[in-house]
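Undergrad: Chains as they are written, first to last, in UniProt numbering: chain A, 1 to 595; chain B, 1 to 595.
Each hint should be verified, as a subset may be incorrect.
[Claimed, not checked] Derived CB-CB ranges, DEER-like: (1) A:Asp498 to B:Glu481: 34 to 40 Å; (2) B:Glu428 to A:Asp215: 36 to 42 Å; (3) A:Glu26 to B:Asn323: 53 to 59 Å; (4) A:Lys174 to B:Asn323: 38 to 44 Å; (5) B:Val388 to A:Asn323: 40 to 46 Å.
Hints listed in this document are in silico derivations from the structure and should not be mistaken for laboratory results. We put the beta carbon where it would ideally sit given N, CA and C, even for glycine.
Number of protein chains: 2
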Amino acid sequence: MYRAPVDEIAFTLKHVAGLQEALDAEQLGDLSGDLVDAILTEAGRFASEEIAPLSGEGEKGTPLADAVVTTPAGWAGLYRNWIAGGWNSLTGAPDYGGQGLPTMLSVAANEMWNASCMAFSLCSLLTMGAVEAIEAHADEALKDMYLAKLISGEWTGTMNLTEPHAGSDLGVLKTRAERAGDGSYRIFGQKIYITYGEHDFSDNIVHLVLARLPDAPPGTRGISLFLVPKFIPDEDGNPGVRNDLFCHSVEHKLGIHGSPTCTMIYGDGRFGDTPGAVGWLVGEENRGLACMFTMMNNARLNVGIQGVAVADAAYQKALDYANERTQGKAPGWQGKGMSPIIEHPDIQRSLVTMKSLTQASRAISYCCAHAIDMANSAQQRGAEEETVFWRERANLLTPIAKAFSTDIGVEAASMGVQIHGGMGFIEETGAARLLRDARIAPIYEGTNGIQAIDLVTRKLPQSGGEHVKGYIAELKEVAAEVSGKNNPDFGMTADRLDAALEDLEAATNWLLQALQDGRVKAALAGATPYLRLFGLASGTVYLAKGALVETVEGNAARIALCRFCAENLLAETSALKEAVTEGAYSLEQARSALG
Amino acid sequence: MYRAPVDEIAFTLKHVAGLQEALDAEQLGDLSGDLVDAILTEAGRFASEEIAPLSGEGEKGTPLADAVVTTPAGWAGLYRNWIAGGWNSLTGAPDYGGQGLPTMLSVAANEMWNASCMAFSLCSLLTMGAVEAIEAHADEALKDMYLAKLISGEWTGTMNLTEPHAGSDLGVLKTRAERAGDGSYRIFGQKIYITYGEHDFSDNIVHLVLARLPDAPPGTRGISLFLVPKFIPDEDGNPGVRNDLFCHSVEHKLGIHGSPTCTMIYGDGRFGDTPGAVGWLVGEENRGLACMFTMMNNARLNVGIQGVAVADAAYQKALDYANERTQGKAPGWQGKGMSPIIEHPDIQRSLVTMKSLTQASRAISYCCAHAIDMANSAQQRGAEEETVFWRERANLLTPIAKAFSTDIGVEAASMGVQIHGGMGFIEETGAARLLRDARIAPIYEGTNGIQAIDLVTRKLPQSGGEHVKGYIAELKEVAAEVSGKNNPDFGMTADRLDAALEDLEAATNWLLQALQDGRVKAALAGATPYLRLFGLASGTVYLAKGALVETVEGNAARIALCRFCAENLLAETSALKEAVTEGAYSLEQARSALG
Numbered sequence: 001m002y003r004a005p006v007d008e009i010a011f012t013l014k015h016v017a018g019l020q021e022a023l024d025a026e027q028l029g030d031l032s033g034d035l036v037d038a039i040l041t042e043a044g045r046f047a048s049e050e051i052a053p054l055s056g057e058g059e060k061g062t063p064l065a066d067a068v069v070t071t072p073a074g075w076a077g078l079y080r081n082w083i084a085g086g087w088n089s090l091t092g093a094p095d096y097g098g099q100g101l102p103t104m105l106s107v108a109a110n111e112m113w114n115a116s117c118m119a120f121s122l123c124s125l126l127t128m129g130a131v132e133a134i135e136a137h138a139d140e141a142l143k144d145m146y147l148a149k150l151i152s153g154e155w156t157g158t159m160n161l162t163e164p165h166a167g168s169d170l171g172v173l174k175t176r177a178e179r180a181g182d183g184s185y186r187i188f189g190q191k192i193y194i195t196y197g198e199h200d201f202s203d204n205i206v207h208l209v210l211a212r213l214p215d216a217p218p219g220t221r222g223i224s225l226f227l228v229p230k231f232i233p234d235e236d237g238n239p240g241v242r243n244d245l246f247c248h249s250v251e252h253k254l255g256i257h258g259s260p261t262c263t264m265i266y267g268d269g270r271f272g273d274t275p276g277a278v279g280w281l282v283g284e285e286n287r288g289l290a291c292m293f294t295m296m297n298n299a300r301l302n303v304g305i306q307g308v309a310v311a312d313a314a315y316q317k318a319l320d321y322a323n324e325r326t327q328g329k330a331p332g333w334q335g336k337g338m339s340p341i342i343e344h345p346d347i348q349r350s351l352v353t354m355k356s357l358t359q360a361s362r363a364i365s366y367c368c369a370h371a372i373d374m375a376n377s378a379q380q381r382g383a384e385e386e387t388v389f390w391r392e393r394a395n396l397l398t399p400i401a402k403a404f405s406t407d408i409g410v411e412a413a414s415m416g417v418q419i420h421g422g423m424g425f426i427e428e429t430g431a432a433r434l435l436r437d438a439r440i441a442p443i444y445e446g447t448n449g450i451q452a453i454d455l456v457t458r459k460l461p462q463s464g465g466e467h468v469k470g471y472i473a474e475l476k477e478v479a480a481e482v483s484g485k486n487n488p489d490f491g492m493t494a495d496r497l498d499a500a501l502e503d504l505e506a507a508t509n510w511l512l513q514a515l516q517d518g519r520v521k522a523a524l525a526g527a528t529p530y531l532r533l534f535g536l537a538s539g540t541v542y543l544a545k546g547a548l549v550e551t552v553e554g555n556a557a558r559i560a561l562c563r564f565c566a567e568n569l570l571a572e573t574s575a576l577k578e579a580v581t582e583g584a585y586s587l588e589q590a591r592s593a594l595g
Numbered sequence: 001m002y003r004a005p006v007d008e009i010a011f012t013l014k015h016v017a018g019l020q021e022a023l024d025a026e027q028l029g030d031l032s033g034d035l036v037d038a039i040l041t042e043a044g045r046f047a048s049e050e051i052a053p054l055s056g057e058g059e060k061g062t063p064l065a066d067a068v069v070t071t072p073a074g075w076a077g078l079y080r081n082w083i084a085g086g087w088n089s090l091t092g093a094p095d096y097g098g099q100g101l102p103t104m105l106s107v108a109a110n111e112m113w114n115a116s117c118m119a120f121s122l123c124s125l126l127t128m129g130a131v132e133a134i135e136a137h138a139d140e141a142l143k144d145m146y147l148a149k150l151i152s153g154e155w156t157g158t159m160n161l162t163e164p165h166a167g168s169d170l171g172v173l174k175t176r177a178e179r180a181g182d183g184s185y186r187i188f189g190q191k192i193y194i195t196y197g198e199h200d201f202s203d204n205i206v207h208l209v210l211a212r213l214p215d216a217p218p219g220t221r222g223i224s225l226f227l228v229p230k231f232i233p234d235e236d237g238n239p240g241v242r243n244d245l246f247c248h249s250v251e252h253k254l255g256i257h258g259s260p261t262c263t264m265i266y267g268d269g270r271f272g273d274t275p276g277a278v279g280w281l282v283g284e285e286n287r288g289l290a291c292m293f294t295m296m297n298n299a300r301l302n303v304g305i306q307g308v309a310v311a312d313a314a315y316q317k318a319l320d321y322a323n324e325r326t327q328g329k330a331p332g333w334q335g336k337g338m339s340p341i342i343e344h345p346d347i348q349r350s351l352v353t354m355k356s357l358t359q360a361s362r363a364i365s366y367c368c369a370h371a372i373d374m375a376n377s378a379q380q381r382g383a384e385e386e387t388v389f390w391r392e393r394a395n396l397l398t399p400i401a402k403a404f405s406t407d408i409g410v411e412a413a414s415m416g417v418q419i420h421g422g423m424g425f426i427e428e429t430g431a432a433r434l435l436r437d438a439r440i441a442p443i444y445e446g447t448n449g450i451q452a453i454d455l456v457t458r459k460l461p462q463s464g465g466e467h468v469k470g471y472i473a474e475l476k477e478v479a480a481e482v483s484g485k486n487n488p489d490f491g492m493t494a495d496r497l498d499a500a501l502e503d504l505e506a507a508t509n510w511l512l513q514a515l516q517d518g519r520v521k522a523a524l525a526g527a528t529p530y531l532r533l534f535g536l537a538s539g540t541v542y543l544a545k546g547a548l549v550e551t552v553e554g555n556a557a558r559i560a561l562c563r564f565c566a567e568n569l570l571a572e573t574s575a576l577k578e579a580v581t582e583g584a585y586s587l588e589q590a591r592s593a594l595g
């Protein structure tokens, strides 16, 4: 059973991501280190003791009958307990009942929710995205009507983007919106892959829906965002008339079986007198995509966190099994009978790989959250340059946090299955479920290929390439610090970090030059290996940053983990760099071999 | 839908694995190239047209009621058609109705069966293993009673090794056998993970069961192998009295849902007057493990083939989807509207990676089959030295064929899911099923970790290390040939092959030295990265070997694929070599970080 690694999470937040420094500089309001510890401890308890025991129930699925979805046994009550604990409102605006806590804390808590049960925790990720979009773009009337209930979690939110023909490319979506004349709109269309589009956790569901107005320009510049509630609130703000929308079907998926993935139908006349789902505009007409990006950035980081979470859950499960299961005699085994399989070096290699990559992706994701918090703090203080800097940092790290972490999630879950041997393939064990659950994260909220393209074509060119160069320079300082320590326990860590950062620098410069020269295709050809290179290099540097903190318990183990990663996994950056800088031509040629 | 790549399979057999040379030298009896083509073409037709359309039925599972397992709709008839076509008897001994064809052909056909439906095809893999064990070790009476029916496929076979506490370590198994006094034995015990332990394909099921005699020495030297039929044949050789064994339960698995994985109970008295399943000894008492290894080597190569097969099926499905699905505009796209996603360089990279690694693992597996055939041919001719050489070659390549190919199977299936985007996570699409099916292959027939240990500790030391060194020298000749061509289309292929083979050589020498020095733990620490390094290097050399054949159609595409692999994927060998030669110490240290 999952045990929330509260100490490791707190350490990473404070000493790797920069929370301690921000606390010391009073950049996070009156938040104290003690409060951080208290929140993390209680979140860990709730995740381990309340959520994890119910996670297996999700496998029974979410049956749909007459447009009503029934969630797994115990989950609706669990959700109510969870919101009663205030967990949905961590980062919400205090004006609407939120606790105004930093993103770093919400991300850390999300890791624990998702590690204990990804399918259950997905619901609130969407609500949090909706809250951000409404906070940033909706008018006061909509905010007053919806924000408090969404922030508390009394109502939940969804994101309605995808249509059968419009996935990564939203410019071609067809759902249409008509002006009703009273300031509201009527929505007509079909949306697919709507996570928690229908469920029994809450009294109302607030759908954020992308649609096109009749006179909208074609493509992405003609998309508007609408708020479309399942029940239209009455004058007192309570759920009133049923809106003309419903869940038509629930997908049969590889994983996250407890999370209903719905096809939603808007405006076909099933409910109400005249067809058309009543909606209200969020932001300006035809500017819906920009509003939706507010949700998507938040969601992307939190999907990255799902990767970290599943990787950690898989690691814990595999570690438990490796300690219990005996088989064969490992070299040097002095005990009686067979040795626990953890004594076999090959099993150790898998476990240490899982642990170090989990910690690396956790650090990247928390650093991304830190950048978001620093940007918000700087903005509140009116520090413009600082705001730009931290926004660019968050922008840079978001695709890495999303794609690298979710790839690690799948890899770790697969290694976890392998460590279980035949038991890993049997569903009762639970290791296979983690792999099935993990597999969605590289796909949704922008496939990892889209993340890599975003990294290369939008994030590298920020500030003319200066931002990413400055970031690499920061990483090099950490490497230099390791080198300066002259601590033999670090082994060849410093040299390996130097080599990896040179690879990162070379690949970055090559891509920036290619973009400048208009060789976009060549740059895109290397986007995925580049993102992997970026994640491996920065993640290992963050392991080193943590290992340099000698004052906190567990330092020897952190040095050992960092060294393993540097000496066993990091050298891959050289191959990845070559794929970026020299692979594009042969890729183009090999197109002919695809048959 | 899967289309058997008959031309590519025939090319690989003939020009990469060495079939053409063997035919020319008349080392394979009166087999002709035309007959090879005819067999492969007909196998391809059967796989694509008969098996593939029924593969989806397997998802409904194999319900068990009152010890009877019902296989998916249409499968029992499909099986009967398949054996009627003679497909089960390809390699069987002609004295018992087999066709005596080389392993190369059977392996190629197995690829097609497994690509069209792995769960269905698994049944015959086990039967083939049983045939080999009985041919090699059973006495004449048992052969006369069972071989013809197993070779035709009228009866099927199983392997009963695993018990709950005895998986990779068979020395601790508890199933017991008692001498009945009439030359037969009575078997008592429970076996798990018995593939097709019970089903309705055939009139009888012949179980090969490992068990321990009362006076057996402890450990692996006290294990005997028994033949235990479901129905004891009567005097005419027809299924007679029901034996005291039955299927107690069927596992709920991650994948291969159409293949019943059974827990078998022997000798609890459910059938027959006195408890005890009647069995006959195969080989000598207490020498059962050696007999079982005959089955396991065959099975390991064929499980490797399952990796190749699933990888190819995943590639074909992803290629079809990438050609059909339109989304966004790829750089340079001149067509109307959105481009097919295959136009996006990132998708191309995934597809070319899948294709090149599939072809690399296919070549390794076919070369392993070639070595088996060459050994058999040399043995028949009484050429002792040659026999030893080819046995050692087959021994060397078996763990690579098994582990590298099955890892590629999982990786390719996962990339296939990713290329499908959201559709990949929906079960109806079928991409997710390939991933679920693929995931068993790195586990069964000896986990890939066990394969890596086998490679390092048993295969490298063959002939004092000279065999593997000679093999690497052969690979270097191919690299030299590429270099000698001076064909600019090969790009940097020759240099990359040289570098990879130097890595392979360095890692091999390091491991041999470590074993010689008694540093077994350090050698084992690098076993898995070493196996991967071996597979990448040899697989890419085989791509080059194929690309050097200029006289066969498709040469330009083969050069392009080889070059892509060399310039984009092969450089990983450097990192893997470092993990082998320098990673062991830091791995040992990092044990402390496992918590």
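Undergrad: Each hint should be assessed against the structure and marked as holding or not.
TA: The hints, checked one at a time:
no.: 1; hint: A:Asp498 to B:Glu481: 34 to 40 Å; result: holds, 38 Å
no.: 2; hint: B:Glu428 to A:Asp215: 36 to 42 Å; result: holds, 38 Å
no.: 3; hint: A:Glu26 to B:Asn323: 53 to 59 Å; result: holds, 58 Å
no.: 4; hint: A:Lys174 to B:Asn323: 38 to 44 Å; result: violated, 23 Å
no.: 5; hint: B:Val388 to A:Asn323: 40 to 46 Å; result: holds, 43 Å
Comparing the model with each numbered hint stated earlier shows that hint 4 is the single one that does not hold.
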